Structures are given as structure tokens and as C-alpha cells.
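Here's the letter readout for the chains.
2 protein chains.
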Amino acid sequence: MSMHGGGRALNNVITTKIARDLYLVRTIDRQTKYFEGMWEIPEGVTYNSYVLTTSSGAVVFDTVKPLFTDLYLDAISKITDFKDIKYIVVHHVEPDHSGVVKQLAEKTGSPVLGHPLADKMLKRFYQYTGKFQSISDLYELSTGEYTIGFIHTPWLHWPETMMSYIKELNALLTCDAFGSYGSYAQIYYDELDGNERGRYRWLMLKYFANIIGFYRHWVSKNIEKLISVGIEPAYILPSHGLAARDKSVKEFVNLYLKWSLGEVEESKIIVLYTSMYGFVKKAVNALIEKLQSLGLRVVVYGFNDIERSPISEVIADVYDSKYVVIATSAYDADAFPIAKLLAELLSRKTPLSGKRVIVLAAHGWGPRAGSVIKGILELYGFKELSVIEFAAGEHEKIVESVLKAL
Amino acid sequence: MSMHGGGRALNNVITTKIARDLYLVRTIDRQTKYFEGMWEIPEGVTYNSYVLTTSSGAVVFDTVKPLFTDLYLDAISKITDFKDIKYIVVHHVEPDHSGVVKQLAEKTGSPVLGHPLADKMLKRFYQYTGKFQSISDLYELSTGEYTIGFIHTPWLHWPETMMSYIKELNALLTCDAFGSYGSYAQIYYDELDGNERGRYRWLMLKYFANIIGFYRHWVSKNIEKLISVGIEPAYILPSHGLAARDKSVKEFVNLYLKWSLGEVEESKIIVLYTSMYGFVKKAVNALIEKLQSLGLRVVVYGFNDIERSPISEVIADVYDSKYVVIATSAYDADAFPIAKLLAELLSRKTPLSGKRVIVLAAHGWGPRAGSVIKGILELYGFKELSVIEFAAGEHEKIVESVLKAL
Numbered sequence: 001m002s003m004h005g006g007g008r009a010l011n012n013v014i015t016t017k018i019a020r021d022l023y024l025v026r027t028i029d030r031q032t033k034y035f036e037g038m039w040e041i042p043e044g045v046t047y048n049s050y051v052l053t054t055s056s057g058a059v060v061f062d063t064v065k066p067l068f069t070d071l072y073l074d075a076i077s078k079i080t081d082f083k084d085i086k087y088i089v090v091h092h093v094e095p096d097h098s099g100v101v102k103q104l105a106e107k108t109g110s111p112v113l114g115h116p117l118a119d120k121m122l123k124r125f126y127q128y129t130g131k132f133q134s135i136s137d138l139y140e141l142s143t144g145e146y147t148i149g150f151i152h153t154p155w156l157h158w159p160e161t162m163m164s165y166i167k168e169l170n171a172l173l174t175c176d177a178f179g180s181y182g183s184y185a186q187i188y189y190d191e192l193d194g195n196e197r198g199r200y201r202w203l204m205l206k207y208f209a210n211i212i213g214f215y216r217h218w219v220s221k222n223i224e225k226l227i228s229v230g231i232e233p234a235y236i237l238p239s240h241g242l243a244a245r246d247k248s249v250k251e252f253v254n255l256y257l258k259w260s261l262g263e264v265e266e267s268k269i270i271v272l273y274t275s276m277y278g279f280v281k282k283a284v285n286a287l288i289e290k291l292q293s294l295g296l297r298v299v300v301y302g303f304n305d306i307e308r309s310p311i312s313e314v315i316a317d318v319y320d321s322k323y324v325v326i327a328t329s330a331y332d333a334d335a336f337p338i339a340k341l342l343a344e345l346l347s348r349k350t351p352l353s354g355k356r357v358i359v360l361a362a363h364g365w366g367p368r369a370g371s372v373i374k375g376i377l378e379l380y381g382f383k384e385l386s387v388i389e390f391a392a393g394e395h396e397k398i399v400e401s402v403l404k405a406l
Numbered sequence: 001m002s003m004h005g006g007g008r009a010l011n012n013v014i015t016t017k018i019a020r021d022l023y024l025v026r027t028i029d030r031q032t033k034y035f036e037g038m039w040e041i042p043e044g045v046t047y048n049s050y051v052l053t054t055s056s057g058a059v060v061f062d063t064v065k066p067l068f069t070d071l072y073l074d075a076i077s078k079i080t081d082f083k084d085i086k087y088i089v090v091h092h093v094e095p096d097h098s099g100v101v102k103q104l105a106e107k108t109g110s111p112v113l114g115h116p117l118a119d120k121m122l123k124r125f126y127q128y129t130g131k132f133q134s135i136s137d138l139y140e141l142s143t144g145e146y147t148i149g150f151i152h153t154p155w156l157h158w159p160e161t162m163m164s165y166i167k168e169l170n171a172l173l174t175c176d177a178f179g180s181y182g183s184y185a186q187i188y189y190d191e192l193d194g195n196e197r198g199r200y201r202w203l204m205l206k207y208f209a210n211i212i213g214f215y216r217h218w219v220s221k222n223i224e225k226l227i228s229v230g231i232e233p234a235y236i237l238p239s240h241g242l243a244a245r246d247k248s249v250k251e252f253v254n255l256y257l258k259w260s261l262g263e264v265e266e267s268k269i270i271v272l273y274t275s276m277y278g279f280v281k282k283a284v285n286a287l288i289e290k291l292q293s294l295g296l297r298v299v300v301y302g303f304n305d306i307e308r309s310p311i312s313e314v315i316a317d318v319y320d321s322k323y324v325v326i327a328t329s330a331y332d333a334d335a336f337p338i339a340k341l342l343a344e345l346l347s348r349k350t351p352l353s354g355k356r357v358i359v360l361a362a363h364g365w366g367p368r369a370g371s372v373i374k375g376i377l378e379l380y381g382f383k384e385l386s387v388i389e390f391a392a393g394e395h396e397k398i399v400e401s402v403l404k405a406l
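Chain order of the listed sequences is A and B.
In terms of my numbering, the first sequence is residues 1 to 406.
In terms of my numbering, the second sequence is residues 1 to 406.
Certain hints may be false.
If chains are identical, the list can't say which one is meant, so a pair holds when it fits in one copy or spans any two.
[To be verified] Here are the simulated BS3-like cross-link-like pairs (lysine-lysine), alpha carbons at most 27 Å apart as the crow flies:
(1) K131 with K247
(2) K83 with K247
(3) K123 with K290
(4) K107 with K282
(5) K268 with K383
(6) K282 with K33
(7) K123 with K282
(8) K120 with K258
(9) K33 with K78
(10) K83 with K322
(11) K250 with K397
(12) K397 with K123
(13) K221 with K33
These are calculated hints, taken from the structure and not from any lab test.
Please read all numbers here as calculations on a predicted model, not as lab measurements.
Using the sequences plus the hints, can you model the full thing?
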């Protein structure tokens with residue numbers, strides 16, 4: 001049963017077996033409102049830790065956000081005795097995964113394995129002074145009946161990020177890559193029905209755009225690297241959200257390649273607007289009606305006197321749109337502050353270069369917002385936009401002008 | 001009874017007599033969440049319209065936000081017959097005051113009086129094509145037993161802003177200047193007790209910083225102008241919030257002069273922080289403890305995974321602080337987005353040049369946020385800041401470094 005659409009569940013840990021000897025420990029977080037302190041996540045988020053039990057001890061891959069230390073350690077203790085944990089693998093030192101590494105290392109006495117850069121980060125973040133084993137790219141670790149290969153996957157989405165491949169299970173542990181928001185109780189993407197899958201892919205895109213968007217060019221590079229070293233996983237096991245198996249492995253990889261390359265949905269147009277007193281909103285409403293009549297899929301996000309859309313979702317929906325309209329107004333001899341913030345975040349997080357971008361700028365006495373927004377996009381190298389200025393209240397010609405610019 | 005501290009009242013209109021023949025029509029708005037589509041106002045806001053009844057007809061000064069058209073017209077009709085309204089004065093075309101001008105003009109057939117620039121704005125905003133009388137600076141209108149002087153007060157806070165002075169009542173109608181947020185049922189500031197006055201002055205500052213902050217240099221210029229033309233009001237009647245009379249007139253004027261000149265509270269320090277995973281928050285907490293022990297008044301605003309402070313209040317509290325600490329972290333080879341937004345808004349809205357500003361910047365693997373925030377402040381001409389970079393988790397020396405930089 002999916003929980004993302006319904007009421008808020010309590011924080012919770014789900015433990016399940018993925019394949020022989022490989023366990024998932026998923027902590028469900030409905031407490032965090034802003035992921036990374038920034039991105040609105042009413043749907044919640046999960047942190048997946050994995051445990052491989054072998055004849056010569058267990059390997060734990062990643063942990064959880066510090067907030068959930070006790071819940072998490074309790075769940076781990078039900079899979080294996082702490083004293084039987086032989087290695088703790090840190091794919092990524094961001095605290096939503098490394099948050100309990102120090103405590104776990106102290107309880108078990110086992111070494112932490114990570115990218116060479118992870119050592120210093122763990123020392124700084126947590127004053128961790130226990131054993132650390134630096135893992136070089138493509139290093140292989142044999143433990144009991146399993147061989148684990150480690151692959152450096154830089155900038156997905158920090159410099160120290162790496163993945164683990166458990167050869168005998170064909171299981172690729174990808175950390176943040178292929179992850180998603182949402183508080184699902186299902187384990188695999190293929191357990192969702194058609195509608196739920198569509199929703200899940202959107203949450204995956206939301207996560208991708210928010211967290212990995214700025215590093216999107218590294219996704220295809222790292223996927224090529226995985227292929228070049230012969231990895232053909234039967235399982236993709238990310239550190240947030242649902243796992244992929246069998247046919248859905250390819251689906252996940254294709255989504256990531258598509259997003260990495262900035263492919264767009266040709267008939268999708270996103271209209272972002274800020275409106276102080278309704279003039280921009282009126283102009284936008286007239287435009288939306290026309291765009292819909294042309295058969296375009298129009299997605300609208302407003303920022304006005306009673307409404308503030310989630311920026312996390314704006315970024316997601318811009319990410320794969322062919323057309324982007326940013327409608328705003330002049331403000332204090334500048335553009336409206338939220339429009340500037342959006343212009344900057346979109347420039348950084350989404351592949352604008354494959355899109356048609358139109359800036360609609362209202363003013364009370366003199367044009368200004370259009371050139372400011374244009375300036376921000378140009379700063380990030382995007383020059384192909386159309387700017388349409390209009391006096392607040394006079395929006396009759398807007399629809400026509402936008403249609404010409406599309 | 002003040003309502004700002006208690007539960008949300010319904011939208012409401014208060015009508016009262018200010019002095020012989022001069023009435024206040026105050027609409028209370030608890031619906032607008034973001035004033036100007038931007039500023040968080042949990043305390044609500046009011047729109048004050050004034051009606052002067054004379055032996056040769058009534059004069060209406062300003063109206064209300066369009067949302068409240070019916071409530072407002074109903075209240076006006078209880079003071080005067082529409083057919084007896086002789087003039088409608090528009091001090092400012094921003095729609096929270098000009099929203100019902102067109103309807104009122106249509107109902108009464110009376111001309112609209114405003115700054116020469118107001119004509120075009122009314123035409124554009126509302127397609128108003130009725131009578132308009134351009135009012136030149138210092139023009140005097142005699143109607144019945146009253147003389148009304150009009151004073152252009154540009155950039156408080158639009159180019160077309162003006163004030164009216166009813167000579168026989170010594171009443172200065174100041175529109176947005178001297179206004180405030182809050183949903184008060186009292187009419188005058190002097191009806192509040194001591195604590196409530198302190199709270200009200202803070203709401204006045206919040207409004208000032210949010211709305212007029214960018215134009216603060218125009219405040220003292222316009223006050224000088226009012227004095228130079230011999231205006232010594234017994235009443236200050238703003239278009240938002242409470243009125244001043246007698247001794248509180250001087251108090252309001254002095255507050256505005258102080259804010260216009262950027263005077264600060266010498267022992268006040270504001271600490272703004274963004275924290276993704278708690279590292280910045282920990283550093284800030286250690287700092288706050290030390291600052292408080294030094295007898296400073298410390299005001300803290302956080303932006304983290306469960307909390308997002310109202311930016312409207314951040315700007316207000318920065319406005320009159322002597323010291324400002326902006327603590328943030330690196331993010332995507334940049335500074336954290338909210339910190340950039342704050343740095344820009346503070347540069348525009350508050351007088352940083354009279355303050356000590358310290359940027360505390362955390363990073364996971366390489367310094368970045370400090371130079372980005374510094375760059376934003378420098379863009380606005382502020383160069384005197386101290387930047388202290390630290391590795392996330394290593395904040396022992398922060399407190400010492402900040403104290404040195406103060």
C-alpha cells in the first residue's frame with residue numbers, strides 16, 4: 001500500500017529481504033518538511049540502508065539521518081548482531097546516509113569503507129576517529145561467499161559518491177542515483193500499478209531535478225562507466241525510495257539517461273507566475289486558456305497573495321517541459337524577488353538550453369523585470385529567450401505575442 | 001481590543017469619526033497571506049479609507065483592495081450618499097488603495113483627483129475612462145468649509161505617491177507612509193498600552209522595511225518638504241494601521257526619520273542561518289550562547305529542514321540591528337539559495353552600510369558560500385563585511401573568530 005497520497009504515517013522502519021542474504025532497512029521520514037533544508041516534500045522521504053549477511057560477517061551499506069538513530073540501530077540489530085558486522089560502506093557522506101556511521105562503527109568495532117575523500121569528511125562532520133579504509137575505484141572486496149565491487153561515481157552528487165556492486169546477486173547499490181521522494185511501503189517499483197508508477201516517476205524526476213539536476217551531465221558519464229566495466233544489474237537499489245528489478249532496471253536507466261541528456265516532453269508547457277495584485281495572474285489565465293485549446297499540456301505554478309507553490313515541484317515540472325513561461329512584474333526597480341530566485345534555480349538545476357523560454361513582464365510605470373530575468377538566464381549561458389513586456393492591466397495582446405514567440 | 005495577537009477575525013470593516021466631518025473606513029484583511037504577494041503577514045493588515053463630509057459634498061481619500069469591494073462600498077454608503085461624493089482622491093495607485101476607485105467613480109459620477117502619473121495607471125490597471133483631475137504639487141482645493149492641500153511625496157513608495165492635508169483639521173493623510181501591518185480595532189496608536197505600543201512599533205518597522213525600505217532615502221526628503229511648506233499636523237492618518245494624534249505624531253515622525261537615516265540599536269545582533277543538516281545550526285547555537293552572555297540582544301531566524309522563518313520579519317529585524325550574522329553553507333558550487341535571496345533582499349531593503357556584517361560559511365569539501373554572499377553584498381556597494389569559512393562539523397573556533405570580527 002502506498003502512503004504518499006494519504007495521511008501522514010508515523011516515522012517508521014521497514015525491514016525486508018531483497019534477495020538471499022541481502023536486506024533492506026528503510027526508514028520512513030514524515031518529519032522533514034524541506035529536504036536538504038530547501039525542497040518541499042509533503043510526500044515524505046525514505047532512507048534505505050542495506051545489509052549483506054555473509055558466512056564471514058555482515059556488511060552494512062549506508063545508514064540514515066541522525067534523527068532516526070535509535071529506530072535504525074534497533075532495526076539493524078534484528079538482522080544481525082552488531083559484533084558480526086564486519087564492514088560499514090559509506091557511498092556518500094551526506095548526513096541523511098552517513099548519520100549513524102560513527103555510532104555503528106563504535107558499536108561494532110568494524111572499519112568504515114569509503115571513497116578516499118570520505119575519510120576527512122567523516123572526521124570533520126562527526127569527529128569520527130575510528131578505522132577507515134580508503135576504497136580506490138573498481139576495488140573488489142571478497143567477504144564470505146560474496147564479491148563486492150566499488151565504483152567511484154563522482155558528482156552523483158558529491159565528489160566522494162560511489163556505488164557498490166554485489167556480483168553474486170547482480171545487485172547495484174546506487175545511493176542517491178535512481179532515488180526518489182515519497183514514503184512508500186512497497187519495496188519495488190514494479191509493485192505499483194500504472195497510475196502509481198506515473199506518480200512515482202514524477203517523484204523520481206522531482207528528486208533528480210532538485211538534487212542531481214545541477215550535476216546532470218555526470219549521470220550519463222557515470223552510467224557509461226558502469227556499462228564499460230561490465231555491470232548489468234538485475235537490481236538497482238537506491239538509498240531513497242523504491243528499488244528496480246528485472247525489466248524496470250532498464251526503465252530506471254533510460255529515465256536517467258533521458259534526464260541527463262535534457263530530453264523534453266514536446267507538448268508540455270509550464271507557466272510560472274508571480275502576481276502581486278492579480279494583473280499578471282489575469283494575463284496568465286488568458287494565456288493558459290489559449291494554450292490548452294491548442295492541445296498543449298499546461299502546468300501552472302503561482303506565487304501570489306494567498307498562494308506560494310512548492311519550488312521543488314516547479315523545478316521538477318520545468319525539467320522536462322519543452323516550453324517555459326516565466327510571468328512576473330517589476331518590483332523596486334528590479335524583478336519580483338521570487339521570480340529572480342526561480343530564474344536562478346531553473347538556470348542551475350534544469351536543462352534550459354533545450355527549451356523555449358518566454359518571459360512575460362508586467363510593469364506599473366516602466367519596463368524592468370524582463371531585462372532582469374533575461375540577465376540572470378544569460379549569466380548562466382542561456383540567451384535564446386523571448387521577453388514580452390506589458391503594462392499591468394493591458395494584457396490583451398499578450399496571448400498573441402506569446403504564441404508568436406513559441 | 002487588539003486582535004493581532006489572538007485568533008483570526010473575519011474580514012470586517014470598522015467605521016469611525018476621526019474629527020468633525022472626517023471619517024475613517026478601515027477594512028480588516030485576514031485573508032492575504034503574502035502582502036504584495038511576497039511578505040508574510042500572519043498579523044493581517046488593514047486598509048484605511050477616509051471620508052470628509054463638507055457642506056458642498058464629500059471627499060473620499062483612497063479605497064481598498066478589490067477583494068473587499070462590496071464590504072467597502074456598503075460602509076461608505078452608511079457615511080454619505082454616493083450622489084453626495086464630490087471628489088475621489090487617489091494618493092497612490094497601488095491596488096490595495098485604488099481597487100474600488102473605478103466603481104466608486106461610476107456610482108458617484110465624481111472626478112478622480114491624483115498625481116499626473118496616476119491618470120495613465122488608472123486607465124491601464126482598471127480601464128478607467130471617467131473624469132480625472134491632475135493634481136499639481138502643493139495645489140489647494142477648497143470645498144465647503146475645508147481647504148485641502150496636496151503634496152507630491154515621490155517614491156513613498158511609487159513615483160505617483162502624494163499626501164493630502166486638511167488644513168482646518170490639521171490632518172495629514174499620508175497613505176503608505178507611517179502605515180503598518182496588523183489587524184487592530186483601535187483607531188489611535190495612543191490607545192495601546194506600553195507593551196502593545198512596542199509591538200506596534202515593530203509592526204510599523206516591519207511594514208517600513210518591507211515596503212518602503214528600498215526608498216528609505218526619500219522619507220527624510222519628503223518629511224523635510226512637508227515641514228518646509230509649513231505642515232504641522234495634529235493627526236497622521238495612514239492608509240494601513242493606526243493613526244497618530246497629539247504627542248504620538250512626533251513619535252511617528254521621529255521613528256521615520258530614524259529609519260530613513262538607518263539608525264541602529266547598538267546592542268542588537270541578528271543571526272540568520274540556513275542549515276541543511278544541522279552543522280550550521282550547531283555553530284550558530286554555540287555563537288548565540290556566547291553573544292547572549294555578552295549582554296547583546298540576539299535575534300535568531302532559521303531556515304532548516306523543518307523550519308522556514310518569515311522573510312518579512314527577517315528584513316524588519318535586520319533593519320535596525322547594529323550587527324548582522326549570515327550563516328550558511330556551500331551548495332552546488334554556490335551558496336545555499338535562501339541565503340542568496342536573503343543577502344539580496346537585505347542589500348536592497350535595509351541600510352547595511354551602518355552595520356557590522358559577518359558571513360559564516362560552512363562547506364563539505366571546499367569554501368564557496370562566503371565569497372558568493374560577499375559578491376552579492378558588494379554588488380550593492382557594501383564592502384565592509386567579514387567572511388569566516390569553516391568545514392562543516394569543525395566550528396570550535398567560530399565563536400572566537402566572530403567575536404574578533406564584531
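So, going through the hints one by one against the coordinates:
Proximity of K131 to K247 under the C-alpha cut-off of 27 Å is found in neither arrangement, the shortest distances being 39 Å within a copy and 72 Å between copies. Proximity of K83 and K247 under a CA criterion of 27 Å is satisfied in neither setting, with 38 Å inside one chain copy and 77 Å between copies. For the identical chains of this complex, K123 and K290 are inter-copy neighbours only, at 25 Å across copies versus 58 Å inside a copy, given an alpha-carbon limit of 27 Å. For a Cα distance limit of 27 Å, the shortest separation of K107 from K282 across copies, 25 Å, qualifies, whereas the shortest one inside one copy, 61 Å, does not.
Within a single copy, K268 and K383 get their C-alpha atoms as close as 21 Å, which meets the 27 Å cut-off; across copies the closest is 45 Å, which misses it. Taking the closest pair of Cα atoms, K282 and K33 come within 27 Å of each other only across two copies (19 Å); inside a single copy the shortest separation is 31 Å, beyond that limit. Within a single copy, K123 and K282 get their C-alpha atoms only as close as 55 Å, which misses the 27 Å cut-off; across copies the closest is 16 Å, which meets it. In this homomeric assembly, K120 and K258 never come within 27 Å of each other (Cα to Cα): the closest approach is 34 Å inside a single copy and 50 Å across copies.
In this assembly of identical chains, K33 and K78 lie within 27 Å of each other by CA distance neither inside one copy nor across copies; the values are 29 Å within and 48 Å between. Proximity of K83 and K322 under a CA criterion of 27 Å is satisfied in neither setting, with 54 Å inside one chain copy and 55 Å between copies. Taking the closest pair of Cα atoms, K250 and K397 never come within 27 Å of each other, the shortest separation being 47 Å inside a single copy and 50 Å across copies. Proximity of K397 to K123 under the C-alpha cut-off of 27 Å is restricted to the inter-copy arrangement: shortest distance 16 Å between copies versus 61 Å within a copy.
For a Cα distance limit of 27 Å, the shortest separation of K221 from K33 qualifies neither inside one copy, at 32 Å, nor across copies, at 45 Å.
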